[in-house]
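Residue numbers (this note's numbering), protein chains in the order written: chain U, 1 to 192; chain Y, 1 to 273; chain P, 1 to 526.
Keep in mind the hints are simulated off the structure, nothing from the lab. Note that the structure is a prediction, hence the values are computed from the model and not measured. All C-beta atoms, glycine included, are put in the ideal place defined by N, C-alpha and C. Please note that the accuracy of each hint is not assured.
[To be verified] What the simulated footprint calls covered on chain U by chain Y, stretch by stretch (three residues with Cβ under 8 Å from a Cβ of chain Y suffice, anywhere in the stretch; the number is not a length):
| id | stretch |
| --- | --- |
| 1 | 60–74 |
| 2 | 150–162 |
[Claimed, not checked] From the derived model, a few chain P residues whose C-beta atoms are all more than 10 Å from chain Y:
| id | residue |
| --- | --- |
| 3 | V53 |
| 4 | M193 |
| 5 | G448 |
| 6 | V485 |
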Amino acid sequence: MDKQTKNSKSVVTKLALVCVCMFGFGYVLIPLYDVFCDLTGLRFTQDSKQLVSQEIQEDTTRLVTVEFDVSMNQSMPWKVKPAISKLQVHPGRVYITNYIAKNTTQSAMIGQAVPSITPYVANRHLVKTECFCFENQPIEAGKEVEMALSFMINPKLPKDVKVVTLSYTFFDITQSAKINKLDSKESVLAFN
Amino acid sequence: MMSGNNWLKWLSAVSGMFAAMGAANAGQPINMPVGVTDISANVYDMHMIAFWLCVWIAVLVFAVMFYSMFAHRKSKGYTPATFHESTTVEAIWTTIPFIILIALAIPATKTLVEMEDTSDYDLTVKITGYQWLWHYEYIDEGVDFYSVLNTPRSQINGEEAKTENYLLEVDKELVLPVGKKVRFLITANDVNHAWWVPDLAVKKDAIPGFINEAWTKVNTPGTYRGQCAELCGRDHGFMPIVVRVVEQAEFDQFLADNTTLEKDGAEYAAVTQ
Amino acid sequence: MSTVATDDHHDDHQESPYSIKRWLFTTNHKDIGTLYLWFSFIMFLIGGVMALVIRTELFEPGLQFVDPQFFNSMTTMHAIMMIFGVVMPAFTGLANWLIPMMVGATDMALPRMNNWSFWILPFAFAMMLSTLFMDGGGPAGGWTLYPPLVLQTGDALPFVILSMHFMGLSSIMGAINVIATILNMRAPGMTLMKMPLFVWTWLITAYLLIAVMPVLAGGITMLLTDKFFETSFFNAAGGGDPVMFQHIFWFFGHPEVYILILPSFGVVSSIIPTFARKPLFGYASMVYATGSIAFLSFIVWAHHMFTVGMPLAGELFFMFATMLIAVPTGVKVFNWVATMWRGAMTFETPMLFALGFIIMFSIGGFSGLMLALAPVDFQYHDTYFVVAHFHYVLVPGSIFAIIAAVYYWLPKWCGNMYNEGLGKAHFWLSTIFVNLTFFPMHFVGLAGMPRRIPDYALQFSDYNAMATYGAFGFGLSQLLFLYLVIKAIRGGEKATSQVWENAEGLEWTLPSPPPYHSFTTPPVIK
Ligand SMILES: [Cu+2]
Numbered sequence: 001m002d003k004q005t006k007n008s009k010s011v012v013t014k015l016a017l018v019c020v021c022m023f024g025f026g027y028v029l030i031p032l033y034d035v036f037c038d039l040t041g042l043r044f045t046q047d048s049k050q051l052v053s054q055e056i057q058e059d060t061t062r063l064v065t066v067e068f069d070v071s072m073n074q075s076m077p078w079k080v081k082p083a084i085s086k087l088q089v090h091p092g093r094v095y096i097t098n099y100i101a102k103n104t105t106q107s108a109m110i111g112q113a114v115p116s117i118t119p120y121v122a123n124r125h126l127v128k129t130e131c132f133c134f135e136n137q138p139i140e141a142g143k144e145v146e147m148a149l150s151f152m153i154n155p156k157l158p159k160d161v162k163v164v165t166l167s168y169t170f171f172d173i174t175q176s177a178k179i180n181k182l183d184s185k186e187s188v189l190a191f192n
Numbered sequence: 001m002m003s004g005n006n007w008l009k010w011l012s013a014v015s016g017m018f019a020a021m022g023a024a025n026a027g028q029p030i031n032m033p034v035g036v037t038d039i040s041a042n043v044y045d046m047h048m049i050a051f052w053l054c055v056w057i058a059v060l061v062f063a064v065m066f067y068s069m070f071a072h073r074k075s076k077g078y079t080p081a082t083f084h085e086s087t088t089v090e091a092i093w094t095t096i097p098f099i100i101l102i103a104l105a106i107p108a109t110k111t112l113v114e115m116e117d118t119s120d121y122d123l124t125v126k127i128t129g130y131q132w133l134w135h136y137e138y139i140d141e142g143v144d145f146y147s148v149l150n151t152p153r154s155q156i157n158g159e160e161a162k163t164e165n166y167l168l169e170v171d172k173e174l175v176l177p178v179g180k181k182v183r184f185l186i187t188a189n190d191v192n193h194a195w196w197v198p199d200l201a202v203k204k205d206a207i208p209g210f211i212n213e214a215w216t217k218v219n220t221p222g223t224y225r226g227q228c229a230e231l232c233g234r235d236h237g238f239m240p241i242v243v244r245v246v247e248q249a250e251f252d253q254f255l256a257d258n259t260t261l262e263k264d265g266a267e268y269a270a271v272t273q
Numbered sequence: 001m002s003t004v005a006t007d008d009h010h011d012d013h014q015e016s017p018y019s020i021k022r023w024l025f026t027t028n029h030k031d032i033g034t035l036y037l038w039f040s041f042i043m044f045l046i047g048g049v050m051a052l053v054i055r056t057e058l059f060e061p062g063l064q065f066v067d068p069q070f071f072n073s074m075t076t077m078h079a080i081m082m083i084f085g086v087v088m089p090a091f092t093g094l095a096n097w098l099i100p101m102m103v104g105a106t107d108m109a110l111p112r113m114n115n116w117s118f119w120i121l122p123f124a125f126a127m128m129l130s131t132l133f134m135d136g137g138g139p140a141g142g143w144t145l146y147p148p149l150v151l152q153t154g155d156a157l158p159f160v161i162l163s164m165h166f167m168g169l170s171s172i173m174g175a176i177n178v179i180a181t182i183l184n185m186r187a188p189g190m191t192l193m194k195m196p197l198f199v200w201t202w203l204i205t206a207y208l209l210i211a212v213m214p215v216l217a218g219g220i221t222m223l224l225t226d227k228f229f230e231t232s233f234f235n236a237a238g239g240g241d242p243v244m245f246q247h248i249f250w251f252f253g254h255p256e257v258y259i260l261i262l263p264s265f266g267v268v269s270s271i272i273p274t275f276a277r278k279p280l281f282g283y284a285s286m287v288y289a290t291g292s293i294a295f296l297s298f299i300v301w302a303h304h305m306f307t308v309g310m311p312l313a314g315e316l317f318f319m320f321a322t323m324l325i326a327v328p329t330g331v332k333v334f335n336w337v338a339t340m341w342r343g344a345m346t347f348e349t350p351m352l353f354a355l356g357f358i359i360m361f362s363i364g365g366f367s368g369l370m371l372a373l374a375p376v377d378f379q380y381h382d383t384y385f386v387v388a389h390f391h392y393v394l395v396p397g398s399i400f401a402i403i404a405a406v407y408y409w410l411p412k413w414c415g416n417m418y419n420e421g422l423g424k425a426h427f428w429l430s431t432i433f434v435n436l437t438f439f440p441m442h443f444v445g446l447a448g449m450p451r452r453i454p455d456y457a458l459q460f461s462d463y464n465a466m467a468t469y470g471a472f473g474f475g476l477s478q479l480l481f482l483y484l485v486i487k488a489i490r491g492g493e494k495a496t497s498q499v500w501e502n503a504e505g506l507e508w509t510l511p512s513p514p515p516y517h518s519f520t521t522p523p524v525i526k
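Put together the whole structure using the sequences plus the hints.
What follows is the structure, given as structure tokens:
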């Protein structure tokens with residue numbers, strides 16, 4: 001009996017440890033998912049400020065259409081539209097365009113744009129060198145602002161992809177951004 | 001102990017029940033629609049292949065089982081055998097299912113690859129799910145509108161007789177041209193929804209903050225009905241989808257007649273409560 | 001885990017069954033098994049009433065009885081009750097009663113923790129049920145708890161999550177106990193490959209529980225912090241992703257599906273050989289098949305979310321992996337049929353339920369194979385076809401196996417035989433009504449009826465009416481089961497030690513009922 005008790009205790013300790021690890025594993029799944037997304041191109045996760053290296057050659061023989069789209073989440077009252085809805089681009093060259101956003105309310109607000117790209121494979125090959133989605137966007141009451149976006153299509157984009165859609169969803173984060181400002185010195189939320 | 005006769009009685013009662021199930025409902029559909037696109041027909045074929053495959057495996061296995069249940073009974077004075085292993089037999093019934101699965105996986109993979117190929121389309125419609133309505137936007141044509149259930153409350157509450165398309169009718173249908181490849185960009189405004197029209201074999205989740213792609217190319221003009229297929233709250237059961245597929249000329253006319261209405265989503269949602 | 005201490009001494013004698021103290025403080029595996037089983041039956045009635053609310057509303061088109069929001073919380077609660085409150089506790093109850101007797105141990109390895117793991121449950125479920133009366137109603141976002149919808153839950157959310165933590169904790173403690181018992185308490189000579197399959201399947205189930213319940217705990221904790229502490233795990237605005245929750249949930253959820261079925265395989269593998277009077281065919285391959293099913297369960301989770309939008313390669317991987325599960329599952333069914341083949345069968349109630357299990361579980365397995373085909377799943381997903389599928393594996397699957405187990409071992413537990421004629425009637429009534437309830441759901445699902453809707457189009461009306469009749473019939477038939485069990489406990493024809501002519505295993509060497517402390521000296525295994 002004594003030996004059994006001792007064995008039982010060690011089994012319990014080990015299994016309890018496994019439980020704690022698996023609880024942690026649930027959290028580890030989040031960065032793992034990002035890795036998975038990067039590998040498969042499911043979501044836009046990697047830091048797209050990654051340098052556009054000099055070696056990338058512009059492919060002037062090829063044209064890819066980039067579509068710009070925008071959605072407002074829930075009660076987000078802004079009016080946002082892309083300056084141009086479509087652009088024909090050569091892979092390997094950096095382009096600059098704008099989104100125009102208007103805060104239609106009577107109070108200052110902070111918005112956050114979340115990018116989403118189709119088709120999936122394009123995720124890895126649409127490189128944003130500058131984007132309003134890197135930071136949150138405060139807009140004064142009633143003001144209209146132009147928000148810059150510069151990007152490049154990597155020539156490695158598979159040949160059969162002729163159209164890439166870049167869609168932004170704007171979230172109203174006025175409340176949570178304020179709370180975070182109180183909590184820490186840095187007001188900027190971390191975004192991809 | 002139940003006698004053989006009793007068994008038969010029960011069996012015929014049960015099969016009679018199933019027969020009754022079928023007979024009583026001659027009018028109501030019991031199978032997946034073949035649909036009106038090449039993809040939906042492929043999907044239907046896959047479904048039927050898988051179904052008949054399962055039926056035949058079931059018939060074979062259960063035939064052996066039922067035979068054994070009738071023949072190898074203690075009441076018949078049957079002496080039990082003692083075997084309890086046979087590597088050969090076990091290897092066979094591991095391998096055969098494996099081969100069948102491969103045979104099934106090949107056409108499934110083919111259909112899946114086709115379904116995911118959204119390239120070379122003629123028209124893009126952006127679909128946004130709201131609690132509890134849909135918004136459609138023909139993004140290159142500058143036409144957009146909301147589409148809401150228009151079955152009267154009185155029908156739902158049983159104060160009035162229910163009409164033919166009860167819960168599957170909307171104020172403004174999504175109009176698409178026949179024979180054109182239409183790409184859908186699907187997203188949501190608030191919570192997850194899913195856009196589903198069985199006749200097109202398109203079902204894709206609408207997720208706030210992300211866009212999903214799907215496509216269809218309808219072969220036959222007509223009106224096709226579907227529903228939201230992801231639980232999205234209180235009125236999840238009341239956000240139908242109606243797609244009207246028309247000839248190109250009629251479609252062009254439809255676009256011309258519908259200049260962009262800019263309506264506030266939140267306002268519109270409030271109206272439908 | 002504060003209750004890891006083990007017990008060295010046991011109460012010497014059995015107190016009166018009517019003393020509350022006995023049940024509250026008991027550390028005896030038989031008492032705790034009984035508690036689990038009765039708890040599970042009470043939850044079965046509550047979850048069943050919820051199912052009947054659902055079926056009543058769906059009896060005909062139109063909104064008749066309940067508000068759609070309440071309807072949604074009924075579907076949500078029904079699932080949580082049946083999964084965490086019925087099937088899992090019932091299996092833990094069976095494990096408590098049977099595993100020590102099957103491996104020749106006096107008790108579970110950790111009797112005091114055993115008491116805790118049971119008594120957490122009534123509190124957890126009382127809390128869960130109380131959310132129905134809170135502002136904003138009970139949870140109504142489905143048992144899958146997908147954000148962002150679940151974050152719209154009213155005051156109930158933190159209580160729902162807390163109670164699910166308790167349920168998880170209870171089942172983890174139960175699982176640890178099972179593993180410790182199996183690994184340390186076996187009688188000398190009881191090698192792993194001599195253990196009855198019920199013990200084997202439970203051992204594997206327990207490992208699954210320990211691997212995935214904490215993942216669920218992590219996921220729902222993230223929901224909680226997203227809602228109340230400004231984290232953004234699943235909030236796109238903060239860099240999160242609502243789909244991430246679905247991955248975490250189904251990483252738990254798919255193994256959970258096997259947690260709900262593997263012990264049934266063990267039960268059926270015990271019953272078939274007894275009534276076929278022939279040893280189980282392919283014991284070793286049964287063990288390996290169970291192991292491979294458990295392994296595969298970790299790499300198929302995304303087949304629950306084919307429509308969520310995944311790269312082609314992902315969809316193909318999850319489709320192929322899922323299809324593979326058909327192989328070990330097939331092996332199991334073939335082995336059972338081969339066990340029956342050239343046996344000398346009799347068809348007492350446990351055998352009937354076991355045979356019903358094989359046939360109807362296979363029907364659920366076939367629809368599962370169809371669902372695995374990703375392109376076709378786009379049509380099946382979130383329809384009544386899926387509802388039919390998982391109810392076939394859970395009701396005439398898991399529940400039938402549990403009922404079979406109760407009929408099979410009840411004479412051992414209480415020393416009296418149940419009424420065989422009424423037992424058979426219970427089987428036939430259950431079988432007819434369960435099919436009347438769930439078979440038509442295949443039809444409406446294929447014809448286009450989404451799940452989780454309180455009202456539906458007219459072309460689905462006939463089969464929905466049929467399912468409602470079936471549900472009431474099935475529910476009422478279970479009262480017969482209750483009557484039979486109570487009657488057997490209170491008296492009846494005395495059972496012998498072996499109970500069944502050809503029953504094999506250590507539990508059948510004990511008298512019926514077994515002494516309060518059995519195997520105080522370990523049995524000798526040949
Ligand atoms: Cu919806």
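We went through each hint and held it up to the structure:
1. 60–74: Since 6 is at least three, the answer is holds.
2. 150–162: Per the Cβ count (3), the hint holds.
3. V53: Non-interface label on P/V53 holds, nearest chain Y Cβ at 16 Å vs cutoff 10 Å.
4. M193: Check passes; 13 Å lies beyond 10 Å.
5. G448: Its Cβ does come within 10 Å of chain Y, the nearest being 5 Å, so this is violated.
6. V485: holds (22 Å)
When held up to the earlier numbered hints, the structure conflicts with hint 5 and nothing else.
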